[in-house]
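Asker: Quick note, the sequences are listed as chains A and B, same order.
Residue numbers for the first sequence follow our numbering, beginning at 1 and rising by one.
Residue numbers for the second sequence follow our numbering, beginning at 1 and rising by one.
Simulated from the structure, these hints should not be mistaken for lab results.
Think of the CB as a built atom: it goes at the ideal place given N, C-alpha and C, for glycine as much as any other residue.
Among the hints, erroneous ones may be present.
[Said to hold, decoys possible] Per label pair, the in silico range of CB-to-CB distance: (1) B:Gln265 x A:Glu74: 32 to 38 Å; (2) B:Asn365 x A:Gln122: 31 to 37 Å; (3) A:Asp107 x B:Pro380: 42 to 48 Å; (4) B:Lys222 x A:Gln122: 44 to 50 Å; (5) A:Asp107 x B:Arg548: 29 to 35 Å.
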Amino acid sequence: MRNVLLALCAVWLLTGGAGEVPGGPGGTAPADNPLAGDPKAIQDGEVLYKRVSCHGCHGGNARGGNGPDLTDDEWQRAPSDQMIFNTIKFGRKGTMMSPFKDDLTDDQIWALVSYLRYLGEQRKAEGK
Amino acid sequence: MSARAGIGMLRAVCAVLIGAVLFTSAGAAEVKHTPVTDAMLLNAGKDGNNWLMAGRDYSGTRFSPLKQIDTRNVGKLVPVWTFSFGVLDAQNTTPLVVDGVMYVTSSHGRIFAVDARNGTMLWQYNHPLPDEVGKFMCCDLGNRGAAVYKDKVFYATPDSHVIALDRATGKVVWDVTIADWTKAYTMTVAPLIVKGKVVVGMSGAEYPTRLWIEALDTETGKQAWRTYTIPGPGEFGFDTWGNTDPEAWKFGGGSAWITGSYDPQLDILYWSVGNPNPDWDGMNRKGDNLYTNSTLALNPDNGDIKFYFQYTPWDVWDYDGNNETILADINGKKVWLHGDRNGFLYKIDRTNGKFIWGKEISKVNWATGFTAEGRPIVNPDKVTNYEKKVTNVCPASEGGKWWNPMSYNPQLQMVFVPSREICVDLLAGPSERVEGKYNLGIAEADWHKGHGQLVAFDAVTGEKKWTVKAPSPFTSGVLTTAGGLTFAGTPEGLFNAYDSKTGKELWSYQTGSGIVGSPVSFMIDGRQYVAIPSGWGGWTGWATWGGRGGAPHLKDNRKGGYLTVFALFQ
């Protein structure tokens, strides 16, 4: 029973139950990125990454600065596309991660998700 | 009920009773809220019991005259209480102590009053922060400390409120907003009380801003004066912003988030100013860019600039020169000491701003020396532009000496500088000027792996007396004491005590998270305490930027948010 409870807790935590982010207000984001792998979206994401100052915290190539490295295995494996989307859109309350819902449309956020996934794949290919 | 269960219940009841008694004892102990007078502030340097302002005294020495804890017994230092701030991220604070009550700020806009004998919280105030404010702050939601005067405690918040609270109750007396955080005008500074005014300075020079130093009435919060750190049209120095961009001055940064110092005899307030914006791109602001990277000597009554000394004219390295000035009287000479991120320790005549000497804290190659007036002789090989990548520039933006305050021991006439040896490759790049958005002017920045060091200087001659090396930069402020001790902390969370004369490590304690705040010492009922905040955060790009950085082993360094207080075991 204890293990079941622990497992349920883990699922709850992993799906964001402990935070304020996943789903966010309204929680309407689709589970998967509709622009996944789209080269144009990746390109747009790269531009947006700088325009909204993601690089200021996460570094020019998202490999970390003040904020966490968004390309390493540990980070890339953990969150779903939806969680990344919601984190960008609604922020993480009580941290430096601010909501960007007033700066970016949903499509732009998905473009950023695509770009981050692309960087993660690139890093994996480099074997670093 | 079985006998075993009965015993268990009895134990629980006993524990509750004991806890209740202890809690009642702690709570019942008398807590005083002694009014802080001008005389107390003027004599703070001699008052070992209290720690009344961020720099401890108007000279900013961070030197405690206490000597109960000394080089012989420091090994018996043990933690006596800890206090959680309840939040993570950069704990940049310097706690204050007034007659046994500690006032300590934390990240995310919080302030606490704590019984400094036992860590019992007396009150807390959590300023409600807008969710979005983080994206308008380059370097985390930290705060560098509070100020106390009469019956109030004052602090500044990330969204640019300056707040006065009743020291006894934590109730807000006044709360004024002095800037628009949505345009990246933000605050992390520990205020300074001077002649009945609370003086603060702005953050935000990584964004297009024009920043300032401001004095407010301590009773009402009403503005007494504001001095912009960048001259406007018609003012002296306006012509130092070049002629290619007519609005360069208007968005030229010049932050002022390190607490100043005050000389009551000269009646001068010394306050330093940080980097120009864009940080690394100097193409459209050719000139000295006054008063960035300077210390201003101000009239505390009206904010007028009496004189200044500029450390790094036309900064294209982000040598954010707003570090503290320590006022010292050395062999009859009134000077200020300033460790700069440009790699030099300066000694300046504080009666007139004239250069006495500059000595290397760390390796310096962006400049090859000084003119007689103290102007750095720039090495053109280390000046970047859009087409020219420069490599192995020493030091990197964080120095030398970063923002963490150094300490001056007047008995030894020595200054103790938290430092690092990290160099960087830079390529400037044009960036779009949009209010509220980063404007760094950098295309590439690669910090080289380096190491940390704590460096002790003879303040008379500038000679290095000793250097302690460490795997990571020393990122805490420094405390020195009349017990012959120098305390400093590391990103790994180690809080260390050294023999001030030799640099020999005498004691070390793992606080649990990286230290980016400053230690203090105080005495209550005849017992000396040392306190250190810990909680990793702030600008940490230098450590791990791009997966490499100056200290890549600090990737995913543990966060925290607490205070640990030590005394001799008894």
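Asker: Determine for every hint whether it applies to the structure shown.
Answerer: Going through the hints against the structure:
| no. | hint | verdict |
| --- | --- | --- |
| 1 | B:Gln265 x A:Glu74: 32 to 38 Å | violated, 57 Å |
| 2 | B:Asn365 x A:Gln122: 31 to 37 Å | holds, 34 Å |
| 3 | A:Asp107 x B:Pro380: 42 to 48 Å | holds, 47 Å |
| 4 | B:Lys222 x A:Gln122: 44 to 50 Å | violated, 55 Å |
| 5 | A:Asp107 x B:Arg548: 29 to 35 Å | holds, 33 Å |
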